[in-house]
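Order-wise, the sequence lines are chains A and B.
Numbering of the first sequence is given in UniProt numbering, commencing with residue 1 and proceeding in unit increments.
Numbering of the second sequence is given in UniProt numbering, commencing with residue 1 and proceeding in unit increments.
For the record, the hints were derived by calculation from the structure and aren't laboratory data.
We put the beta carbon where it would ideally sit given N, CA and C, even for glycine.
Treat the hints with caution; some may be incorrect.
[What the hints assert, rightly or not] Covered by chain A, according to a simulated footprint, are these stretches of chain B (three or more residues, beta-carbon under 8 Å):
| no. | stretch |
| --- | --- |
| 1 | 77-85 |
| 2 | 98-107 |
| 3 | 126-133 |
| 4 | 183-191 |
| 5 | 429-436 |
[Unchecked claim] Simulated restraints on C-beta separations:
| no. | chain 1 | residue 1 | chain 2 | residue 2 | range |
| --- | --- | --- | --- | --- | --- |
| 6 | A | Gly220 | B | Gly179 | 35 to 45 Å |
| 7 | A | Ala146 | B | Gly179 | 14 to 24 Å |
| 8 | A | Leu304 | B | Gly179 | 19 to 29 Å |
| 9 | A | Thr34 | B | Ala34 | 33 to 43 Å |
| 10 | A | Ala146 | B | Ile431 | 20 to 30 Å |
| 11 | A | Val250 | B | Trp187 | 52 to 62 Å |
| 12 | A | Thr34 | B | Val251 | 50 to 60 Å |
| 13 | B | Asp183 | A | Ala146 | 27 to 37 Å |
| 14 | B | Val251 | A | Thr286 | 56 to 66 Å |
| 15 | A | Ala146 | B | Asp327 | 29 to 39 Å |
| 16 | A | Ala38 | B | Val147 | 38 to 48 Å |
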Amino acid sequence: MTTAGVIALVLLLAVAAYACAGGTDYGAGFWDLTAGGAERGKRPRWLIDHAMAPVWEVNNVWLIFVLVIMWTGFPVLFQTVFSSMWLPLALAAVGMVLRGAGFALRKPMKRVAGRRLYGALFAVSSLLTPYFLGAAVGGVASGRAAPGTVASAHAWANPTSFFFGLLTVTATAFLGAVFLSCDAERWDAPDLVGYFRRRALASLAVVVLLGAAAFLVVRGDAPHLWHGLTHGAGLVLVVVAVVCTVGTAVMLLRGHARWSRFTATGMVAAAVVAWGVAQRPYLIPTSLTVEEAAGAPSTLVWLLFVSLGAVVLVGPALVLLYWLDTHGELESLTESDLRQGGGGSAAGRD
Amino acid sequence: MHNPVPLPAGAHLLLAEAPAQLLPARELMAFTLASHIILVPMGVALPLITLIMHYRGLRRHDPTALLLARRWSAVMAIQFAVGVVTGTVLSFEFGLLWPGLMGRWGDVFGIGFGVEAWAFFLEAILIAIYLYGWRRLPARTHFLLGVPLPATALLGAFGILAANSWMNTPRGFRLDSAGNPVDVDVWKAIFTPMFGPQYWHFVVAMFVTAGYVVAGVYAVGILRGRRDRYHRLGFAVPFTVAAVFTPIQFVLGDSIARSVFQKQPVKFAAMELVWETDTHVPEYLFGRLHPDGTVTGGIKIPQLDSILAGFRPDTKVTGLTSVPASDRPNPTQATIAHWAFDIMVVIGSLLVLLVLWYAWVVWRRRKRPAPQRLPESRWFYRSAACAGVASVVAVECGWITTEVGRQPWIVYQNMRVAEAVTATRSSTLWIMFGVVIVVYVFIFGSFLALLLRMRTRWRLADAAGGTDSPAESPEAETPYGPRAPVAGPATGTGARAGKDGTP
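So that you can see chain B by itself, here it is in the shape it has in the complex:
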C-alpha cells in the first residue's frame, strides 16, 4: 500500500535513538500529571463556586448556603494541600526527568512559570486566610479577602498554559550556529500562537468540570431521595455555573481544533487520522491507524474533516506523511490522540445536550416558586451525576490529545523528548515509578476515603441536629464564631432525617 520510503528508515532511527530511560521517564511524568490534573479544576474553580455560594448566603442571610460554603471550604483545605504537594512533584520532575529541556530552554519559556509561581503564592496565602478565617474574621472582611481568589487562579493558569503552549508553538528566540537559543523575546515566548486558544479552552474546562463534579455529588443525593433545600441549592449553584460555561466551551473547543489545524498541522493529522495530505478528507469517529496508513474500525464520514477544518470540502488537510516518520507521532500515538480527542468531543456534545435540557426545564418553570424550578426527572439527575465523572474524563482526554499529539517533540520541531530525558538509569526510574504509584494510590485513596467519611459524618450530624430551627440548617447559631457543643433538642420534624451532608 502506501508504504513511504522514509518509514522503515525512520522507524530504525527512532528505535536506535530512543534511550532506555525514555519510557519510564515518560510514564512517570504522565502518571503524576494525570493524577495532578484531576485536582486542578477544583483548585482553579472551586473557590469561585464557593464564593458564589458564600455571597448568596451573606446577601440573603441564607444559613443553608453558608453551610454549603463552609463545607466546601473544609473540602478545599484538604484538596488544596494534596494539590500543592502533587504540584511540587511536577516542578521537581522538570529537573529529575527532563534536565535537557530546562537546561537549554529554561530561560526562553520559564518566565511563564515565574508568573505562575507568584500567582500561586498569592492564591495559597489567600486560600489559607479564607479557609481559616471563617471563625474569627468579620463576615464581610472574610468574604472580601476571598474575592481575589479566582483571579489568582486564572493568573496561575496563565503561567502554566504559557509554558505548555510555548512547547507546542515555540517562538521568541533564534538559534545560533551551535543550535542554542539566543535573542530571547520574552513577550513573544509567552504569547505564542497556541496560547490564546489553549488558555481559554483550559480555563473554561476548569469551571465546567468543577461545576459538574460538585453538582454531581448532590445529584447523587437527590437520586437517593434527599430533595431538601440543602441538596437543591448544592446542586443548582455549581450546575448553573457549569451550564453557563458549557456552550462557551463547545465554541472554544471547535476553535482550538481549527487553531491546531493551522499551527500544528501534523498534530491535527494525528488527532483526525489523516495519513496523506489531501482535499475532501473524510472524518473518522474512533477507528485505528495502522503503520501502512489504513484505518480500521470506526465510522467514516466522507468529506467531513475537510469541512470541519476549513468549512469547505475542498479544504486541503495536511497528512502525517507530509513529514518523515521520525518527526511525527507513530500510528499508535496517533490512534491514542485520536481516541482522546473523539472522546472529549463526544463528552462535550453530550454535556451541551444536558445543558439544553436543564435550560429548557428551568425556563419553562421560571414563574414557579424557587423549590419547584429544578427538573424532576430521575434521568436528568442520573445524567448530571455522570456529567461530573465525564467532565474529568474530558479534561484527561484533552490533555492526552495535546501531549501525545505533539510527539515525538518536547519542544515542537525543536527538541525531541528523547533529547531532553535524564541520563539516570532506566532501572532507577522504574523503581521510582513504582514508589510513586504506591504513594499516589495511597494518597488519592486516603483523600477519597476521607471525603466519603466527612460526608457520612455531616449527614449524621444533619440528621441528628438542627431540627429546632425554621431555617433549614443544622446550626441555627451565628455562622461565625464557635459552635455550641450540642445542637438544640433533637425532636425532629423528620424533614431533616437522612439529609446528606455531602461535600
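Okay, chain A solo, but in the shape it has when bound:
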C-alpha cells in the first residue's frame, strides 16, 4: 500500500472512531430530546448528564483529527467537500456549538426554565448535526461532491444523502441507548437499564430497516459504492456489520448490556469502514482517487509519524480515561448535590 493509501486508511479509521465515540454522544442527545417533559424525563436526563459529562469533549475531538488529516493529507478533498456541501457543513458546525455549549451550560444550571432552554438546544442540535454530517457523507459516497462542484443543494439533498443522514441519526440513537443502558447499571439505576434497553432494541430495528433501504437506494444512486459493498473486502465488512447487528440484538434481548456495547460499536465501525473500503480507490467515487488527492509525499510521511505519535501517546491516555469512567472513578464535582434529587442545596457543591 502506498503512503497515501495508509493515510487514507488512517482517515477512515478516524472517521469510524468519531462515528462510534461522537455517535454515542449524539445519541445521548437524541434520548434527551425524546425523554418527555421536565418531570417524566428527569431521570433519563440525569443519567445522560452524568454519563456524558467526563467524556463528551474527548469523544468529539476525533472530529478535529478527521479534519486535520483531511486538509493535510488530502487538501483537494477537504477543499472539494467544504466547497460543494457548504450549507450542511456550516449548519453542522453551528449545531455543534449549540450542542456543546447547551450541554455544558445546562449542567450547572439550577432553574428548570434555564435547564429546559439549554437542554432543548443540546437535544435538537444533537439531532441535526449528525443528520447533516451523514448527508455530507452521502454526497461524497454518491460522487456528487466532485472536485470543482460549486455549492448546491444537489450535492447533499439526494436519495443517498437523505438515507445516510437518517441512518446516521438512528445509528447514533442506537449507540447512545446501548451505552446508556450499561451506564444505568453502573449508576445504580435499575429502572433505566430496561428503559434504555428497550430503546436500544427499537432503534436497532429502525437502523436495520433504514440500512436495508439505504442499501437499495445506493444500488441505483451510487453504483460504485454498491459494487464495492457487494464484492470483496467491502462485502466481508458488510457481513461483519450484519453479524454484529444480530449479536447486539441477541445480547440486548438477553440483557447483557455490558457486552452489547462492543458489538454495537463493532457494527457501526464495520459499516463506516465498509463504506470507505467500498469506495476504493476513490476518495470521491469516480472523480478523485486517493493518489490524485494526496498531498506532498514528505508531508504524508510526516503525517504518518504524527498519527503514530498520536496512537502511542493518546491511545493509553484514552484507555485510561474510559477505564476510569467505566469504573465509576470519574464524578463531576457537583455530583452529590444532583444525586439527591436535584435539590438546590449548596452543600454538595464545593
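Fit chain B to the supplied structure of chain A, relying on the hints for placement.
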C-alpha cells in the same frame, strides 16, 4: 504630495479583484477568532495556575488552597467546553471560508495542526480526568495525572503557532511552473523565521493573561472588603505567576517587533506608519495614516522608530510604498494595525509598572508574616483588577496586529486573502454571520452569567457554613470524597461572613 503612481491603479485593481464574499468571510472569521481567543489564555494557562494552587494545598495541607483549586476546576470545566466548541468552529471555517488556502497549501503547513490535534486530544483526556477525578481518585494520583496538562497545552500552542507563523513567513516549498507548491520540506515549514518569536510571545502572553484575569477577580473581592486568607491566596498565586512572566513578555515583545522589522518589513511599516523607506524615521504614538502618506494626530517622536528598529538613528526602515499598493495593507488597515500595536505596547508597559510596584512592596515586607506581605493600597487592587481586562485587550490587539498587518496576504507574498475565499454567495455568508453573532452572544452571555451565579452561590455557601473549623475553609471534611449534606453548626465567628467565593 507623495502620491505614487501605482496607488490609483492598485486601488482599482483591489476593488476589481475583491469578490463580494470577501468582506463577510473575513468578518465571520475575525468575529469567531476574536471570541475564541478570549478563552485561549484560560485553556492554556489556567491548568498550570490551578495545579500550582493544588500542589500548595496538598503540600501544606491547606484546605483553602484546595478549595480554590477545586473551584477553578469547576470553572475550567465549563470554559474548556465552550473553548472546544468555538475551536471546532474554527477548523470548520478553514473549509467553509478559505477552501483556496487549504486546497493549495494544506499539505505544506497542515502538519502543525496535526501535532496540535493530538496534543489537544491528550489535553482533553487529561483535563477530563483531572476535572472529574477530584472525588474518587487518590489525592496523589489525581494530582500527578494533572501534571502533564501544561505541557500538552504548550504543545497544542506549538501546532497553532507553527501554522500562523508559516502564513507570515512561508517556507519549506518550491513553486512549480503552474504556481503549485512542490518539494515540501515539512521541517522548514514548521520552523519558519517568525515561529520562534511568535511562539514565545504568545505562550507567555497566555500565562500573563490568565494570571491577571484570575487575580483580577479576587482583587475585586479584596476591594469590596473581603481581605480574608481565601482572597489573599486566590489573588497572590495567579498574580505572582503573571508578575514573573510580565517582564519576560516585555523583552519578548520588543524582540518580536524587531523580528517583524527584519522578516516582514512591510508589516512593520504598517505597524509603525512608515510611508517611505528612510533613515531617521520618527515614531508615531497612535495617529492616523491617510492615503497620501501623511499622518494626522498622534504624538511624533523624531528618530525613535529607527532607534527602536536598529538601535541607531540612521537605521533604514522600509516604508509601505516600497511595494505596490496592491501588495500592502491599505491606509485604514495600517492604522488599525498601528493602533492595535500601540495599545498592546502601552498595556504591556503599564503592566510592567504594576509588577514593579508589587515586587517593591512584597520585597520590603519579606520579613513580615505571610498575611501582611501583600500591598495594602486600594489603588494597587484597582489597577490589578483592571490588569485582568487589560491583558485580554492586549491579547486581542496582538492578534489584530499580526493578522491585519499581514493584509492583503493570507500566505505572505504567496496568496491573497481574496484568492483563498470561498465561492459561496455573499448573502449566504452575511446570514451565517448574523446567525453566528446571535449564537455566540447567547453562549458567551450565558457563560458569563453562569460564572457570576456560581460565584454568588459559593459566596453564600461560604457565608453560611464552615465556621466551626479553625481551618479557614467552608468544608472541614476531607477534600476528597463526597461532602456531608449540611456543613456544621452555623454559629459563625463572623469572620467568614461576606466571603466571596469568586471563581
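Hints versus structure:
1. 77-85: holds (count 7)
2. 98-107: Three-residue rule met by the stretch 98-107 of chain B, so holds; n is 8.
3. 126-133: Holds: 7 residues of the stretch 126-133 of chain B have a Cβ under 8 Å from chain A.
4. 183-191: Check passed, 4 qualifying residues.
5. 429-436: With 3 residues closer than 8 Å to chain A, the stretch 429-436 of chain B meets the three-residue bar; holds.
6. Gly220/A - Gly179/B: 35 to 45 Å: holds, 41 Å
7. Ala146/A - Gly179/B: 14 to 24 Å: Given about 23 Å between the Cβ atoms, the range holds.
8. Leu304/A - Gly179/B: 19 to 29 Å: holds, 28 Å
9. Thr34/A - Ala34/B: 33 to 43 Å: Given about 37 Å between the Cβ atoms, the range holds.
10. Ala146/A - Ile431/B: 20 to 30 Å: holds, 26 Å
11. Val250/A - Trp187/B: 52 to 62 Å: About 53 Å separates the Cβ atoms of Val250/A and Trp187/B, which means 52 to 62 Å holds.
12. Thr34/A - Val251/B: 50 to 60 Å: holds, 58 Å
13. Asp183/B - Ala146/A: 27 to 37 Å: holds, 29 Å
14. Val251/B - Thr286/A: 56 to 66 Å: holds, 58 Å
15. Ala146/A - Asp327/B: 29 to 39 Å: holds, 35 Å
16. Ala38/A - Val147/B: 38 to 48 Å: holds, 42 Å
Violation of the numbered hints given earlier is absent; every hint is satisfied by the structure.
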